[in-house]
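Quick note, the sequences are listed as chains F and L, same order. Mapping the first sequence onto this note's numbering, position 11 (from 1) lands on 11, and the numbers just tick up by one. Mapping the second sequence onto this note's numbering, position 694 (from 1) lands on 1694, and the numbers just tick up by one.
Derived from the structure by calculation, the hints contain no laboratory data. Mixed in with the good hints, there may be bad ones.
[As the list claims (entries may be wrong)] Partial chain F-side listing against chain L, Cβ under 10 Å, derived: (1) 21; (2) 29; (3) 121.
[Stated by the list, open to error] Listed next, the in silico DSSO-like pairs over lysine-lysine satisfying Cα-Cα at most 27 Å (straight line): (4) 1349/L <-> 1650/L; (5) 20/F <-> 1649/L; (6) 119/F <-> 1080/L; (7) 1368/L <-> 1549/L; (8) 17/F <-> 1649/L.
[Said to hold, decoys possible] DEER-style ranges, computed between Cβ atoms: (9) 130/F <-> 1653/L: 54 to 60 Å; (10) 1645/L <-> 146/F: 53 to 59 Å; (11) 1217/L <-> 133/F: 53 to 59 Å; (12) 35/F <-> 1507/L: 34 to 40 Å; (13) 108/F <-> 1656/L: 53 to 59 Å; (14) 1654/L <-> 134/F: 17 to 23 Å; (15) 130/F <-> 1200/L: 38 to 44 Å; (16) 1324/L <-> 130/F: 55 to 61 Å; (17) 1684/L <-> 130/F: 30 to 36 Å; (18) 1232/L <-> 146/F: 47 to 53 Å.
On a predicted model such as this, the values are computed, not experimentally measured, just so you know. C-beta: ideal position from N, C-alpha, C; glycine also.
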Amino acid sequence: MADDRDREEAVVAELHKKIKDAFEVFDHESNNTVDVREIGTIMRSLGCCPSEGELHDLIAEVEDEEPTGYIRFEKFLPVMTEILLQRRYRPVPEDILLRAFEVLDSTKRGFLTKEELVKYMTEEGEPFSQEEMEEMLSAAIDPDSNSIHYRDYITMMVIDEH
Amino acid sequence: MELSGGDTWPLTQDRWGRRCHRTRGQFGPFALVLCLHLLIQAPSPFALLGPAVASCGGFARTMGSGTSTQHHLAFQNAEKAFRAAALIQRWYRRHAARLEMRRRCTWSIFQSIEYAGQQDQGKLHDFFSYLMDHFTPSSHNERDFLNRMFTGEGLPQDSETERCSDYESVEVPDSYVGPRLSFPLLPAHATALVEAFRLRQQLHARYVLHLLHEAKKHLVQLPNITRVSTCYSEEVTVCGDLHGQLDDLIFIFYKNGLPSPERVYVFNGDFVDRGKDSVEILMVLFAFMLVYPKEFHLNRGNHEDHMVNLRYGFTKEVMNKYKIHGKKILRTLQDVFRWLPLATLVDEKVLILHGGVSDTTDLELLDKLDRHKIVSALWCKTREASAQQAEEKDDARPGAAERPVPWFLPQTERRAPPPSPLRPGCGAPPAGRSCGAPCGPGAPCAPCGPGAPCAPCSPGGAGLARQARRSEDLELERRGRAGLRGGGAAGHGAPLPAAEPPEPTQQEWRQVVDILWSDPMAQEGCRANTGRGGGCYFGPDVTERLLQKHNLQFLIRSHECKPEGYEFCHSRKVLTIFSASNYYEVGSNRGAYVKLGPALTPHIVQYQANKATCTLTMRQRISRVEESALRALREKLFAHSSDLLGEFKKYDAGQTGRVAPSDWAAAVEAALRLRLPWRLLRPQLAGGAEADGDGALHYRAWLAGLAQAPPSRENIQSSLLEKLYRNRSDLETIFRIIDSDHSGFISLDEFRQTWRLFSSHMNVDVADDCICDLARSIDFNKDGLIDINEFLEAFRLVEQSCSDGGNAGAGAGAGAGARAGAGAGAGAGARAGAGVGAGAR
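All chains, full assembly: derive it from the sequences and hints.
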């Protein structure tokens, strides 16, 4: 029993350090706060994959009573630790992602045209900003055919991550 | 069409203006309604839905007719599409966030290595200053040695005779095909110069010297703060740091237009160092300054400083390009730099200066002081220190024999190094306490705290002071002859009395250092800039106070690299503008310049002067820069191998040869002290074969992997090499200082002496005979002289092995391509790379 507890504590301690490291990258003034707009990046780099809506709710949880535009580490740490312990907001596996693309590619050509991708990404779901759209296109699009061969794209992104 | 409930769906906007929905990850009825809302608006293939579907999801499903099945299907498809899109977006945002995190880490790496290098520079000068104060040369040789180290001017007689015939005596051979200049310069000459440099021609030393001579004549007449008005010209273009990157300057002229009476330019310092074309940039800038004196303005930056140039590559560039006349050119430049104006004021509303401000910045004082007296930020003898020394000399005469043993020689107590001249923030020293002499025997020298003495250490024994004064006298005399008065005050042409002290007051010196070295910070207040070792970090309140006091609108400064080439802070009252694109590495950042019209609204133009980067995706760009940063970091790790081993052993009591991941991170931080996110970096630094399944690291194997190739000289112990390697930037700087005639050689004796002093100060424990052996082994032709470049080649080979990721290196050294190197030792203009991201810590 004591062993289990020790192990759990060790796990939590390790998580704490991980979270602190990630947090500190954005703590420009070294005063244990980060700009609220960076919380998404921090969370996602720790392995979570929340939707924008989920992110908003989370931010509401870690914000101060009177939002200052900054999030304090003391509030962020317990919430984030819990999320990691519970393994919430897990990223989608590749095959699900592939199926998502296939849904959009209704005639099953194996690719999406640029126009189609732009339309879906900027009008459906949780729409991209123009900047996000441009960034995605720059990496995804095959300039010759002006289309996105999504299977290749996914493979490329996945390799890149590892 | 009626929608229930959901048409007032909270379509909120996040801070980036992205529309997002407050779902909880499930697509409940509200989401469906919204989905319908969108479908009906958007011209999508699913818009064959008619008004029949205009209600909550449940309704469609209950309809039984044939058309409703069609609708039902379409509706389900729509829902699926919505979900699919949301899933892809969610995944993509995570991918983008991880890229962003990598980018930030990369930047942190570069930045901390860079600033650590700058701190080293500060420490080095502590050492020299104290040395000059307290070291009693025991022989004529040693005295000369020290004199040469500190004046960098050679023996007194050289300077006099050489000065008069600076450029006239230099002959241009008929075979010279480069650009030729005739004076007074015409606009066409300046333009031709740009073109010649673009074609990679080199300007002959004679023209360089002549141009510098003319430039100085012009600069001497200028006030400390240049006033510019937008009445006469429509626009003012302000450019930031260029750092020897000629491509960026050419691009700016190409995109914005060449300087002209209608096009005012202000270049905000840091023209030189790091990049490979500092000389050419200076030539172009000075040429246009002479051609358009009213429309082309330069501010001094912290790199317009010969001491800084010794470390960061400009000195080396000059000596490489001008083997015969380089020395002369460098000496002339020393002079020219200190005559550069300190700031520019546009319409009395926008203040442009290189670094920043402090809570003691006083524009009136800055306007009036004699700027040319501030030769270097890193070493400056002030009036107080001189007076102090004169006093001491009078008092201490009989006590020469009883002087305390210099602290850097072996003794029972170790003392802290004296406070750096760059560390301000203490206020004036209390009356009566010694300012010049930092330590007495037994007294610890704390770095500046409130009330502690914090005068810059006064370098220079009697001989030096005399020499300094003599060169100043010559200067004053010459100016008197030319009918000019130096500095900002109105000139009356009367020659100055010889009694005017040549040194600045401490207050004046600090004013200048502050404006050249400070960085803005987000918090309020003003504290010492520990990152750089000079100037301060100033908060929005400091900015506000200054702007109000002088009725200004905002401040433009440079000094810090920014990923987008510019950055606003302090509620848009401070604009950082940085014009050297791809500064750390190809793809690391854009450059930018800012235009001000009569309304003084800043209009920013960004660029990246490297076609290759345009075709790279963001992902690829980040990868390249990241690889560069990691390389630099691996080098640093290698350089600390022994320390790291020591730290690892502390975590490995059972001597298993392994450490847990978290212990690895702690050990590395203890050894390197770079305050980096080691856990985030671990996969890339220590994720290879040496790691077990549980992430524990076989540390010896890992350390061995950091440097695959054995050192090429067998008779050098590896720990010695490591120590030398770690300190190679400092060593190179010292060498260049000793090698005052810039011949590229120093004597064995000088080498040994230097190393002895250096090793005591820097607490590097190396036995004397090892050094002698090393020195002898480097002296290949046994003529008693060491070629600096050959010595440093030993480090280049080591660096090469690091950068090749362990492949024993052949071919180009580590300087090729990547410029991330912690110092100038890697031959090809390596620079201490630093980070991406806003703001210094």
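The hints, checked one at a time:
1. A least Cβ separation of about 4 Å between residue 21/F and chain L falls short of the 10 Å threshold, and the interface hint therefore holds.
2. Annotation: interface hint on residue 29/F holds; nearest CB of chain L at approximately 5 Å, less than 10 Å.
3. At its closest, the beta carbon of residue 121/F sits 6 Å from a beta carbon of chain L; the interface hint therefore holds under the 10 Å criterion.
4. For the suggested pair residue 1349/L and residue 1650/L, the alpha carbons sit about 59 Å apart, so the restraint of at most 27 Å is broken.
5. At most 27 Å may separate the alpha-carbon atoms for a hinted pair to count; residue 20/F and residue 1649/L meet this at roughly 25 Å.
6. Only pairs whose Cα atoms come within 27 Å are accepted, and residue 119/F paired with residue 1080/L is accepted, the gap being roughly 15 Å.
7. Proximity of residue 1368/L to residue 1549/L is assessed by CA-CA distance (about 17 Å); at most 27 Å being required, the pair is judged to hold.
8. Restraint check for residue 17/F and residue 1649/L: the C-alpha separation of about 21 Å stays at or below 27 Å, so the hint holds.
9. In this structure the supplied range 54 to 60 Å holds for residue 130/F paired with residue 1653/L, their Cβ-Cβ distance being about 56 Å.
10. The supplied range of 53 to 59 Å is met by residue 1645/L and residue 146/F, whose beta-carbon atoms lie about 55 Å from each other.
11. Remark: the range hint 53 to 59 Å for residue 1217/L to residue 133/F is upheld by a beta-carbon distance near 56 Å.
12. In this structure the supplied range 34 to 40 Å holds for residue 35/F paired with residue 1507/L, their Cβ-Cβ distance being about 38 Å.
13. In this structure, residue 108/F and residue 1656/L meet the distance hint of 53 to 59 Å, their C-beta atoms being roughly 55 Å apart.
14. For residue 1654/L paired with residue 134/F, a C-beta distance near 54 Å fails the hint of 17 to 23 Å.
15. Checked against the hint of 38 to 44 Å, the C-beta distance between residue 130/F and residue 1200/L comes to roughly 41 Å, which is consistent with it.
16. Residue 1324/L and residue 130/F have their C-beta atoms about 57 Å apart, which keeps the hinted 55 to 61 Å range intact.
17. For residue 1684/L paired with residue 130/F, a C-beta distance near 32 Å keeps the hint of 30 to 36 Å intact.
18. As the Cβ distance of residue 1232/L to residue 146/F is approximately 50 Å, the hint placing it in 47 to 53 Å holds.
Consistency with the previously given hints fails for numbers 4, 14, ordered from lowest to highest.
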